[in-house]
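S.K.: This is what each chain is made of:
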Amino acid sequence: MTAYALTDAWTMTRRELSRWGRQPVQLVVNLVFPVMLLLMFGYLVGGGRGVSGEYRDYLIPGMLALTMAFGLEGTMLAVTQDLNKGVIDRFRSMPMANGAVLVGRSAADMLQSAMALVVLIGVGAALGWRVHGGAAAFLGAVGLLLLFRFAMLWIGIHLALVAGKPEMVQAVQILVWPVGFLSNALALPDTMPGWLGTVVEWNPMSHTATAVRDLFGVPGAESGHVWPAVIWPLALLAVFFPLAVRRFGRLSR
Amino acid sequence: MADAAITVEGAEKRYGDKKALDGLDLRVARGTVHGVLGPNGAGKTTLVRVLSTLLRPDAGRIEVAGHDVLGQAYEVRLRIGLLGQHAALDEELGGRQNLELFGRLHHLGAKRARARADELLERFDLADTGRKAVRQYSGGMRRRLDLAASLITEPEVLFLDEPTTGLDPRGRAEVWDSVRSLVGGGTTVLLTTQYLEEADQLADRISVVDTGRVIAEGTADELKARIGGDHIDVVLRHAGQLGAAVALLPLTGVTVDADRRLLSAPVTDRMEALSGVVRALQESGIEAEDIALRRPTLDEVFLHLTGDDHRVKEAV
Ligand SMILES: Nc1ncnc2c1ncn2[C@@H]1O[C@H](COP(=O)(O)OP(=O)(O)OP(=O)(O)O)[C@@H](O)[C@H]1O
Ligand SMILES: [Mg+2]
Numbered sequence: 001m002t003a004y005a006l007t008d009a010w011t012m013t014r015r016e017l018s019r020w021g022r023q024p025v026q027l028v029v030n031l032v033f034p035v036m037l038l039l040m041f042g043y044l045v046g047g048g049r050g051v052s053g054e055y056r057d058y059l060i061p062g063m064l065a066l067t068m069a070f071g072l073e074g075t076m077l078a079v080t081q082d083l084n085k086g087v088i089d090r091f092r093s094m095p096m097a098n099g100a101v102l103v104g105r106s107a108a109d110m111l112q113s114a115m116a117l118v119v120l121i122g123v124g125a126a127l128g129w130r131v132h133g134g135a136a137a138f139l140g141a142v143g144l145l146l147l148f149r150f151a152m153l154w155i156g157i158h159l160a161l162v163a164g165k166p167e168m169v170q171a172v173q174i175l176v177w178p179v180g181f182l183s184n185a186l187a188l189p190d191t192m193p194g195w196l197g198t199v200v201e202w203n204p205m206s207h208t209a210t211a212v213r214d215l216f217g218v219p220g221a222e223s224g225h226v227w228p229a230v231i232w233p234l235a236l237l238a239v240f241f242p243l244a245v246r247r248f249g250r251l252s253r
Numbered sequence: 001m002a003d004a005a006i007t008v009e010g011a012e013k014r015y016g017d018k019k020a021l022d023g024l025d026l027r028v029a030r031g032t033v034h035g036v037l038g039p040n041g042a043g044k045t046t047l048v049r050v051l052s053t054l055l056r057p058d059a060g061r062i063e064v065a066g067h068d069v070l071g072q073a074y075e076v077r078l079r080i081g082l083l084g085q086h087a088a089l090d091e092e093l094g095g096r097q098n099l100e101l102f103g104r105l106h107h108l109g110a111k112r113a114r115a116r117a118d119e120l121l122e123r124f125d126l127a128d129t130g131r132k133a134v135r136q137y138s139g140g141m142r143r144r145l146d147l148a149a150s151l152i153t154e155p156e157v158l159f160l161d162e163p164t165t166g167l168d169p170r171g172r173a174e175v176w177d178s179v180r181s182l183v184g185g186g187t188t189v190l191l192t193t194q195y196l197e198e199a200d201q202l203a204d205r206i207s208v209v210d211t212g213r214v215i216a217e218g219t220a221d222e223l224k225a226r227i228g229g230d231h232i233d234v235v236l237r238h239a240g241q242l243g244a245a246v247a248l249l250p251l252t253g254v255t256v257d258a259d260r261r262l263l264s265a266p267v268t269d270r271m272e273a274l275s276g277v278v279r280a281l282q283e284s285g286i287e288a289e290d291i292a293l294r295r296p297t298l299d300e301v302f303l304h305l306t307g308d309d310h311r312v313k314e315a316v
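Those protein sequences? They're chains A and B, same order as listed.
Residue numbers 1 to 253, in the UniProt record's numbering, belong to the letters of the first sequence in order.
Residue numbers 1 to 316, in the UniProt record's numbering, belong to the letters of the second sequence in order.
Just so you know, the hints here were simulated from the structure itself, not pulled from any lab data.
Think of the CB as a built atom: it goes at the ideal place given N, C-alpha and C, for glycine as much as any other residue.
Mixed in with the good hints there might be a few duds.
What the hints assert, rightly or not - List time: in silico DSBU-like cross-link candidates among lysine-lysine, alpha-carbon distance up to 35 Å:
1. B:Lys19 x A:Lys165
2. B:Lys18 x A:Lys85
3. B:Lys132 x B:Lys111
4. A:Lys85 x B:Lys132
Unchecked claim - A few chain A residues that don't get close to chain B, going by computed Cβ distances all over 10 Å:
5. Tyr55
6. Val87
7. Asp89
8. Met94
9. Pro95
10. Val103
11. Pro178
12. Ala238
As the list claims (entries may be wrong) - Sample of chain A residues facing chain B (criterion: CB under 8 Å; computed from the structure):
13. Tyr4
14. Arg15
15. Ser18
16. Gly86
So here's chain B without its partners, still in its complex pose (with noise of 0.2 Å):
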């Protein structure tokens, strides 16, 4: 277990009757970005602020960068950064003072933190607007900003509870070339996020958890190759032929997509789904502009482990 940033055994949290974590499994390799899928109310949340000591589980055996969560709390927080869900600074102050006040509590002395503030302030894109009160930044500076904070020490391990939630395109953009240029240093980071797109993007590995359990893991194309079947996309040329089509192909599951003029639909077998879809165009004069056998995307990956088809998630 010693290439292990993070341990998780068996995690339970209860509020009340509701079980946030009910035996949750979680296992982190030294240096890799480990993704954690779930819609809402999964219990993504529940699992950061336990790792993070800030929240104590009722059961399992949890360890950050070697050190027990309960036992050595203190040794956690030595080595840990925290991206909260939301904002974790002082709205009143300017972003420069923030910065040195988490520095001083990382006690690295006034010299250090101020140094240190100025280099995040820089890295982050944020020394012109230093002085400002945070109350006065964007959402996304704000997030800038709260990454820096989590970041004082340059953490063994870094957690990221829904990094990008709520940002615009360019915000989500300028926070994934943050963590992406952390990922080389060497920092472990577990990263929470209800968008696949970005689990795929950033994560060597994921675990999708639902109602505080983890029902799949693997890299994104094990996932993908797990619940099997590939995909056929057809794009038709003309929108006004969607419904014609989903009638006359031979294809069970479609989902349209009429912006794009797409049919999707899961097949078993390839080339007999390949030739029967292009015989029946032929047949019915329905043109099409593009045809494609794919392997599944990680949100279909994800609806069918997380929708109510309990078989899935059983055979899964």
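Next comes chain A alone, as it looks inside the complex (with noise of 0.2 Å):
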């Protein structure tokens, strides 16, 4: 059985990409929607300042973690989907991998969170935005914005497998805008009222934003950041992991 674990997993993400070729104008609106978020923050938003100085510098790099974290909605639909399709259902009484059908949820989205860093990032380039760390530090932000959209992916995963139905998907997604925004994406703990400022930097995402501003080495970032956004995604992974991997089992029960 464990011999066919990565065939399995294989098929099952491409599986995942044959329905992006099914509906390009989907994936096309997942990949425009963020970079629409930063246009709308950067103009409207921040003050007429456009996407551009100091503001600009400090937004991207909380768009970017804003788009790891509504990234959870898009894995709870999908799952929640193929549960409610009974698609599942002929995946867990055929003799696969019992893991692959998480697997390849996991491989697609994370290459479609990847794909979104990569539009979000060049449009930013575009307007003129430039990171000023080293190439390695670059590559060790997008890794912690990676392995945050990963916490978020398995979350995702679990609350669909809890909640089920997707009328439940739809009082998550309402959940994720305040929780998302509840961050210092858009502005500093700093300007907003006492305890609001506490939440905003418990925040998980939080800790991700600000460690990625460290490593593109915005000007006045809060340095010696990193830890916390390693810390924060791997206490969520190991929560939520073996949560979902076991409600996954218990499907039979």
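From the two separate chains plus the hints, produce the assembled complex.
M.R.: See below:
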């Protein structure tokens, strides 16, 4: 059985890629949406300063982290759809590696998120944004963003397995937004009322955004903040990965 | 037991307080079609899910194709095909993409998976729709594709959970034809249905299931014989006389089918019933087009077994 673990994982990943091929518009929308958010916050909310100068340097790392956080919805939606379409029953009744369904999901979602990062960074560069850190620091920042996405991914899988119904995806979508914005993605916690600032500083997403700013060499960024951005996602994974895997196994209860 | 493709002894499955399977027993010989007949909520889907390793039973010994569904789930999965009550397909992908995907997951390899997909699309008359997304398929097409997907590896044992529910008569006939053509190939089929006609048409043996238990088992003929009594059918010339006939004829437990101007009733003594009916018709002047004695239909057996009549249930 395990002899096929890799083949099956690859087959399941290819399944997701075929779905992109079937619905290219959906894929493009997913990739363009974060860009839209970036422009919206840069030009509208950013007080007319546009996507330039200091705020831009601050905003782009925040948008990258926010995009990773919003990936949770996409993962949850996809898993919920699979569960409700019954196609998971066919997978489970076949002699395939047990985990391949989840591995395929992870691989495809991570790939899509990596593409979203590339698009967003590309648009930022086109608007004149530059990283000030070195290449290694840049790759480190991308790594931290993907690590954070990976944690979001398993939270998404777990929530889908727990909630199970499409209505619940909507509920989570409504919740993800405030949680996403209750971070330092768009604004400094110093500018918020005390208790809110505390919540924002505790938000795992804020740690990732801060560390990314540091690694990108954003002027005035808090330095030495890389470790929390490693530890938080790993801690979330330590909780939600086993929970999700157990839930998946329990589909047979 | 070597010739049994499916053995179920004392299967139990609870959902909270509800017993979906309550000591169910079943034995299906290799190469036969076994019908599981039962009303809504009888436990048919639960049984199929347990047999196809999707659901863990709480108790019981359950073997499929010579392997235990709990301890040897992988061995079982190698040998079964499943057509669930609801379509188990990737709706976004095309028909061919679905079949190729499942072929690869059966480890046929890319080339054989492709060839097998083409073969099955051809066989199920889906060849020219293979590129369309399954989302755009009609109910009948979807069912055929689902059936094709469950046959990727020519399984030893095939489970069909209400394969024709929700299909129009043409779709139903198509699925029936497919099932019949499979049986020739030596596959063992377990088929659940609410349609008595379907079990009668397709199954060698039938288990009637209610509240998670088998309440009767046998061939269609045996089941009919077991609840005994023949039936008498009287077709009248004028529908207007149905009411009068029910009152006059020396019969009890009469059912009326107004469209066909038909009266039916169980009888104990065939000859006595026949002569009694003929005499009553002559005396009253009610005109009959046809009078016939016959064995009960599976429909009648079914209502008899699953109805409120617990005394009958006990006796069987
Ligand atoms: N996941 C579940 N949770 C709780 N109860 C369930 C669940 N699945 C089935 N049941 C209950 O178990 C019993 C048997 O259900 P099952 O689906 O096996 O019946 P069925 O014979 O397939 O019915 P139908 O003809 O409607 O498909 C029913 O009373 C049903 O309500
Ligand atoms: Mg059912």
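S.K.: Run every hint past the structure and note whether it holds.
M.R.: Here is how each hint holds up against the structure:
Distance check on the hinted pair: Lys19 (chain B) and Lys165 (chain A) sit about 24 Å apart at the alpha-carbon level, within 35 Å; holds. Only pairs whose Cα atoms come within 35 Å are accepted, and Lys18 (chain B) paired with Lys85 (chain A) is accepted, the gap being roughly 25 Å. Distance check on the hinted pair: Lys132 (chain B) and Lys111 (chain B) sit about 21 Å apart at the alpha-carbon level, within 35 Å; holds. For the suggested pair Lys85 (chain A) and Lys132 (chain B), the alpha carbons sit about 18 Å apart, so the restraint of at most 35 Å is met.
Interface exclusion of Tyr55 (chain A) from chain B stands, the closest Cβ pair being 40 Å apart, more than 10 Å. For Val87 (chain A), the non-interface assignment is contradicted: its Cβ lies about 5 Å from the closest Cβ of chain B, within the 10 Å cut-off. Not every C-beta of chain B lies more than 10 Å from that of Asp89 (chain A), the closest at about 5 Å, which undercuts listing it as non-interface. Here Met94 (chain A) does not stay apart from chain B, with its beta-carbon only about 5 Å from theirs, under the 10 Å limit.
Under the 10 Å C-beta cut-off, the non-interface status given to Pro95 (chain A) relative to chain B is violated; the minimum distance is some 4 Å. In this structure Val103 (chain A) is separated from chain B by more than 10 Å, as the shortest Cβ-Cβ distance comes to about 13 Å. Distance check on Pro178 (chain A): its Cβ is at least 31 Å (rounded) from any Cβ of chain B, clearing the 10 Å threshold; non-interface status holds. With a minimum CB-CB distance of about 27 Å to chain B, Ala238 (chain A) clears the 10 Å threshold, and the non-interface call stands.
Given hint, Tyr4 (chain A) at the interface with chain B, holds; its Cβ is 6 Å from that chain's nearest Cβ, closer than 8 Å. For the restraint placing Arg15 (chain A) at the interface with chain B, the shortest Cβ-Cβ distance is roughly 6 Å, inside the 8 Å limit, so the hint holds. Hint on Ser18 (chain A) holds. Least Cβ distance to chain B is approximately 6 Å, under the 8 Å limit. Interface hint status for Gly86 (chain A): upheld, as the beta-carbon distance to the closest one in chain B is roughly 4 Å, under 8 Å.
Of the numbered hints listed earlier, those contradicted by the structure are 6, 7, 8 and 9.
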